[in-house]
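Those protein sequences? They're chains W and L, same order as listed.
Going letter by letter, the first sequence gives residues 369 to 728 in this note's numbering.
Going letter by letter, the second sequence gives residues 369 to 728 in this note's numbering.
All the pointers check out, no bait thrown in.
Heads up, the list lumps identical chains together, so a pair's fine if it works in one copy or across two of them.
Under the rule of at most 30 angstroms between Cα atoms (straight-line distance), these lysine-lysine pairs were calculated in the DSSO-like manner:
| no. | residue 1 | residue 2 |
| --- | --- | --- |
| 1 | K599 | K672 |
| 2 | K521 | K578 |
| 3 | K633 | K599 |
| 4 | K410 | K671 |
| 5 | K373 | K489 |
By construction, these hints were calculated from the structure, which means they are not laboratory data.
This one's a predicted model, so the numbers in the text were calculated from it and none came from an experiment.
There are 2 protein chains.
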Amino acid sequence: MNRLKTIEWSGNCVKMIDQTLLPAELVYLDIETVEQMHEAIKLLRVRGAPAIGIAAAFGLYLAIRSFPEKGSVAVFLTLLEKNADYLAGSRPTAVNLFWALERMKNRASTDASSCDIKALKQALFSEAQNILDEDRRMCRSIGKNGLELLRGKRTILTHCNAGGLATSEYGTALAPVYVGQEQGIHFRVIADETRPLLQGARITALELSKAGIPVTVICDNMAASVMASGKVDAVIVGADRITANGDTANKIGTYGVALCAAAHKIPFFVAAPSSTFDLSLPDGTHIPIEERGREEVALWGGKKTIPDGAAVFNPAFDVTPSHLITAIITEKGIIYPPYEQNVRAVLETPQQETAGCTGA
Amino acid sequence: MNRLKTIEWSGNCVKMIDQTLLPAELVYLDIETVEQMHEAIKLLRVRGAPAIGIAAAFGLYLAIRSFPEKGSVAVFLTLLEKNADYLAGSRPTAVNLFWALERMKNRASTDASSCDIKALKQALFSEAQNILDEDRRMCRSIGKNGLELLRGKRTILTHCNAGGLATSEYGTALAPVYVGQEQGIHFRVIADETRPLLQGARITALELSKAGIPVTVICDNMAASVMASGKVDAVIVGADRITANGDTANKIGTYGVALCAAAHKIPFFVAAPSSTFDLSLPDGTHIPIEERGREEVALWGGKKTIPDGAAVFNPAFDVTPSHLITAIITEKGIIYPPYEQNVRAVLETPQQETAGCTGA
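Starting from the given sequences, assemble the full structure and let the hints guide the process.
Following this line, the structure appears as structure tokens:
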């Protein structure tokens, strides 16, 4: 097993894999400035909701780390606020991005009373590191919880990449597969290639095959017939934002997979940390959907495949209505329908599960 | 309007567009030998069931056109048979290929009694030309029949290419759109890009935009969310083979589109000539599905996007069960459920529709 390290603090900068170059090249980037981090998030060099949250937190630290230790706390906090807004603008849909930035700002507010810039900077660094460490624990908990749902199942279909390269370590959707492997339970994975950016082909297939887990890549449009052939025992995907009623925004194509799974009576699971939930939104109709550029769809290895006379529509996410979701796997436990009640019930219970796994 | 000429006889060879190069380059091939035609069909330089039938018929003529006029009729017929088998091996799923070759062989048998090689060769050329001419009339009839079903609808989603570049002229799935345009009824088309070979992006988008019809390309996995947004009034696709109960083999991904259409209560139409039906097969479970090479999925403009450690599954077709099909549009009329009865009923009625449109 040779698990890749997605993102980590490395002495004086953030070291992370440039995921846009995978699988052809495995390049580690040294991110030293907030501008580099903004660009990395925007261009999907780092992607996956949890990893984006970690990246944003460290990005905000990078923005203020050179602030003079004798400077004004008020100016420091204004700078922090300005850079948080700047980073928040890098991806409009990923709620973990806003969550992590909010958490960093809260930590700064709490500690600002000390009027000690050096201490404030240390607090912010340690908050970013906490987000990373909690992510590691969170992934393991999701893995353990998800594995319960997958008992007796063998072949799992997944869409996009919500594996280790979407987080700090085990991933979310793929965490049960990794935890299973540790326990001697061996799954096979079918990975949708996930157009337009091919995260399934480039990233999911890479991390699974590196970890010694059998993986087969299909084009997105093959999922329905693969399901019809009886080859899929369960679907498990990640999430970019989940609303109070369980509606789930995730990578474009997830909704179609959910419809196909429902038609074949295949369980469809969403795996996501509690930070992915946005309880301020009652349902998925309120989730803004990022539309991305034409060139992602219209260029094929740099070559134009769509004539100029044709338009292109490129939404980055879709919303899977909760009635298509069999269960949502979080680090705090498994959420079953009816989601209107159970989302809040599970998220708002004291964090025994999380607490229980801090030693994991 | 600037409709492209897919395939035609040009003095002493078959002139056809190399569709693998579209839309970057518009290259016309001069096909002079049966080997070139076999390669062209196999490598999808010509694609779409009706166009493959036309190509195969002319390909068989190319195989025998140099046969000595004083030669033996028995040897001629053996050569014909051998080359028909050779061409039949170029694509295993397209029933029009076998149908066209069978028709050519039947014509040869009928005319063989004359013992005149020159006349036999002329008869085979004229049979190939008949297949082409009938295809032109067939497309127009499908267009007229389909247009009736699309009255009041505005935006049509299609998968792959069953347009003019799949046939000799108007196409099948796109024929109602072209006939509508002639009558001042203006549709918009949403074209699935159609992985792995991107026929939707490269070919459907090209022919529609050249014809002045608004077309928007999406990745295959976006169809579900575009449907959910209410932007699709009907789906219309072609077919590679339709069994006696209406089950339809078509380009991979069609089945998923049909499931999504059903979930959104959007009518799902199949448009295909009667030659696409294979009444010897009771249902779709009997249709052999071609599996194609890894490289079609794993290379991106020549660059490897899937790591070697991962497997690839690449079926070229899937089967849409007839219960998901609202109606099947043929040149002989529209077939509605229950297909078990109505497929035979419409196909076996005297060909008034076809006869009525020969003057079109």
